[in-house]
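Construct the complete structure from the given sequences, taking the supplied hints into account.
Protein chains in written order, with this note's numbering: chain L, 1 to 229; chain B, 1 to 254.
Where hints are given, some of them may not hold.
Said to hold, decoys possible - Just the calculated beta-carbon pair ranges, DEER-fashion:
| # | chain 1 | residue 1 | chain 2 | residue 2 | range |
| --- | --- | --- | --- | --- | --- |
| 1 | L | Leu173 | B | Asp75 | 39 to 45 Å |
| 2 | L | Glu196 | B | Thr227 | 17 to 23 Å |
| 3 | B | Lys59 | L | Glu196 | 32 to 38 Å |
Since the hints were derived computationally from the structure, they do not count as laboratory data.
Backbone N, C-alpha and C define an ideal beta-carbon position, used for all residues, glycine too.
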Amino acid sequence: MSEVTENKKAPREPLFSKKNKKLVTDPLTDNNPVTIQVLGICSALAITVQVEQGVVMGLAVIFVMVLGNLIISLLRNMIPSRIRIIVQLVVVASLVIVVNEVLKAFMPDVSEKLSVFVGLIITNCIIMGRFEAFAMANKPWPSIMDGIGNGLGYAGLLVLVAFFRELFGSGSLYGIKVLGSNIPGEEWGLYTMGYENNNMMILPPMALVIVGVIIWVQRSRNKSLIEEH
Amino acid sequence: MAKNKDSNGYTFGFAIVLVIVVGSILALLAMGLKPMQEKNEEVKKKLDILSAMMDADEKGITRKNADSEFEKYVDLDKAVVLSNKGDVIDGIYALDGKVIEGRAFDVDIRKEYKDKKRDKNHRNFPLFIGDLNGETVYIIPVIGTGLWGPIWGNICLDSDMNTIKGASFGHQGETPGLGAEIKQQFFIDRWIGEKISDNNGMFKPFQVVKDGSGIDESKVDGITGGTITSKGVEEMANRCLEGYVSYFNNLKKN
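Here it is as structure tokens:
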């Protein structure tokens, strides 16, 4: 992992230095939180049935991760090490509650969509993992970049898995029927030729299989990612 | 700042300050936003009732105009509250079974359903009377349990007080893509046209089935992968609708 070590006397580095950019781009590919670090698998199984759910969850996680990383990074020199995990948990949980309460008051429709995810965000191991591994040891700005990067990496994977599951499981993408309709009496598209949705895709185990395939493809393209045992 | 971050005193102090700060922020926020959240919930309730009566999307009814549209279709003064036996009660049941003053719209069936202290005989059953282009329709709110949490809805009966004309379902946290699909129109369509009582005026329970025989009378196809939620809807409809049948029978006689 590319952790930046702190050095108070180092000259100020530009906001978008190479190192900082790497923090955002790395988790998208060679250090993806789900496929490489194998974090956040549980929520990747639960909410990748439809692309829309993946997008909403991805945005929520990016938001919480960026803010949380910032707060933890600001507090990093004050947090007693013995209770740091609890402190991190308190920060995630209260952030999620604040977001939920504000949405409930001002954007009730969005809040209804998100209510399912509130519990999943709090228990998302990527968030806690980044707090512990990065924000506790780095300055606020790199922590924000790291939050964006890992959030995007997670969101991207969710959407990718959801793409396959929704396409083959329900024959639609983002709720739009792209393969035709299988409603009795008004069939059109592929279904008129005897195509059937694969109901297996809707069930959670198939998400694991798809994540597995993605991991396989990624590691066979970049051999350096393969762990030695 | 304390120099020794690992001392017991500092650790306790930090924990206490953190809890107080976070606690007061959350408490203030919750208090400050409560009026707006309550208003939103009321609007949502109206929107749900309207969605059971008609295609609210098509009529362009959103949260913004739900208040004024609701007045056009539903007269809250006509709404009644029934006991579980189907008798009209003059007011609403309080927790101890006494009848107190109250409007049908203010009955929170979700709270009453969850409240273990409340005697099952003292649950309130509100009934809203709607007017759809001169035709009287009856809207019954329902409440039940899905797989992960509560599910609820409104079932709208035709002017014959028997045929289901429309419905709207909601849930708190059913699995997206599986149980959460009860909200979708395709599932609601399976309920439309079903009858709640037989020719003798007896309640006819619904059955949510897996084998695709939903075309049969009183049978409704469940959702693949959402069996427990579908069964929850079945239980909810059967338990909540039963009491209304005798009220409708009396109404028909007079």
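Now the hints, each set against the structure:
no. : hint                               : verdict
1   : L/Leu173 with B/Asp75: 39 to 45 Å  : holds (44 Å)
2   : L/Glu196 with B/Thr227: 17 to 23 Å : holds (20 Å)
3   : B/Lys59 with L/Glu196: 32 to 38 Å  : holds (36 Å)
Hint violations for this structure: none, all hints satisfied.
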